[in-house]
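**Q** Construct the complete structure from the given sequences, taking the supplied hints into account.
Sequence order for the protein chains is A and B.
Okay, so the first sequence: first residue is 72 according to my numbering, each after it adds one.
Okay, so the second sequence: first residue is 270 according to my numbering, each after it adds one.
These are computed hints drawn from the structure, not numbers from a lab.
Because the structure is a prediction, the values reported are computed rather than measured.
The C-beta atom is built at its ideal place from N, Cα and C for all residues, glycine as well.
Treat the hints with care, since some could be wrong.
Partial list, computed: chain B residues near chain A (C-beta under 10 Å) [claimed, not checked]:
1) Gly280
2) Ser284
3) Glu288
4) Gln291
5) Asp295
6) Gly314
7) Gly316
8) Thr319
9) Val322
10) Ala326
11) Lys328
12) Leu333
13) Gln336
14) Gly374
15) Asp381
16) Gly400
Away from chain A, derived, C-beta distances all over 12 Å, residues of chain B [what the hints assert, rightly or not]:
17) Lys281
18) Glu362
19) Cys405
Listed here are the chains, written in short residue letters.
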Amino acid sequence: MIPSSFEYHRPASVSEALQLLQQYGEEAKIMSGGHSLLPSLKLRLSEPGHLIDISRISDLSYIREEGGVIAIGACSTHNAIGKSALVQEKIPMISQAALAIGDVQVRNRGTLGGSIAHADPAADWPASILASEAEIVVAGANGTRNIAAGDFFTGIFMTALEENEIITEIRIPIPPANTHSAYLKFPQPASRFALVGCAVMITRSNGSVERARVAFTGVSPSAFRDNAVEEAITGQAVNADSIKAAADKAAEGVDIMSDHYASQDYRKHLAKVYAKRALMAASN
Amino acid sequence: MGIPINVKVNGKEYSQEVEPRQLLVDFLRETLRLTGTHVGCDTSGCGACTILVDGNAVKSCTLLAVQVDGAEVTTIEGLSKNGDHPLQEGFKEEHGLQCGYCTPGMIMAAADLLTNNPNPSEQEIRHALEGNICRCTGYHNIVKSIQYAADKMQGKEVSHG
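**A** Here it is as structure tokens:
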């Protein structure tokens, strides 16, 4: 399969990329790792006249600690994030989500910024980005702004990103020391995308849950925080019964996807199962 | 409009003009005539087109040739001079192939694994091959072939399966 013709641009800086984006407007597409974009170009689902390759912009690939936050450059690959000792130590869920994506070849090229900009409803990243209450830093013609993860994913392949903006960084707050987190998913066996993926972050004090963050991907047209599960486990002692009771509240009152891989009922069932497993995993 | 790229493939420098939409796998197979890299699914699922870019396994059907400008590419043809890399020997000794279509991709994915993890467990080998599909269902012997190579590369005595 061969994509339609396009002009290729490889800007050396974010400002140069923004200028190109301004110049070509709707005709332009930003490419980072290209692992969502290239397949759609090959299927001609997308036929941009101009491709702006930002993957060589060196100041978009980094993972560093900045005063209570892990700052990840938008073009960092899934593999770089998953293998980062800093990420593994501070927020294991983020490393687990990175290493749950596709396969090693995909993780060597695909990037965090590219994945969340694409906002595939079955992508792994959105659940843990929501559960960790990350901020997405975007650059545009009028400067930069930070978008809270909760405001970022707006629908199927839809985000709060404006047409002339580029994601530059993802900022993940480092949780308190008494926090445990986990990301678990049921992969679609062929594509490895998440039929259901659940990210959980639990902060405990004196044996009970002080704060819980639970988010799902793959279940709805857009990833979402599951407030009912969070509320049900908050204030509870962590044990098999409290976890089961909370997990049983998963995916209530949300629009659940149905396709030839999984019916609505089956997805909802998987959401409860994976909420339970992820809560268990984050309780050790 | 052609874009000039400089790329080192299997140790040899190439300066070529490529059409921006040309896939890396087509550049390798059709421009450089390195047909050892296969195209299976053409949708980044099967891993037959796996090669190394700067030492990392990637699927060359899901890269553009322009994206490897300045990079170092290794294909199955460049793994050894005489086809005697321990992985190639392993696949031969342990009957790691039937039809052979997936084999170059399997070997290149395994090369990435053994660079990062010289002594992988069976489970780690199977996990590392998640992105490579063998239609002949030959996984068992593929795993044994990679174990053979890992042993050989570490100077251990190799056992024949």
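**Q** Each hint needs a verdict: does it hold in this structure or not?
**A** Quick rundown of the hints versus the structure:
1. Gly280: Check failed: Cβ of glycine 280 of chain B comes no nearer than 21 Å to chain A, outside 10 Å.
2. Ser284: violated, 17 Å
3. Glu288: Cβ of glutamate 288 of chain B sits 8 Å from chain A, so the hint holds.
4. Gln291: For glutamine 291 of chain B, the interface hint holds, since the closest Cβ of chain A sits about 8 Å away, which is under 10 Å.
5. Asp295: holds, 8 Å
6. Gly314: holds, 7 Å
7. Gly316: Holds. Min distance 6 Å.
8. Thr319: OK, holds: threonine 319 of chain B within 10 Å of chain A, min 6 Å.
9. Val322: holds, 8 Å
10. Ala326: holds, 5 Å
11. Lys328: OK, holds: lysine 328 of chain B within 10 Å of chain A, min 5 Å.
12. Leu333: With Cβ-Cβ at 7 Å, under 10 Å, it holds.
13. Gln336: Where the cut-off is 10 Å and the nearest Cβ of chain A is about 7 Å from glutamine 336 of chain B, the hint holds.
14. Gly374: holds, 9 Å
15. Asp381: holds, 7 Å
16. Gly400: Cβ of glycine 400 of chain B sits 3 Å from chain A, so the hint holds.
17. Lys281: holds, 23 Å
18. Glu362: Holds, since 25 Å exceeds 12 Å.
19. Cys405: Answer for cysteine 405 of chain B: holds, closest chain A Cβ roughly 18 Å.
Of the numbered hints given earlier, the model fails hints 1, 2; all others are met.
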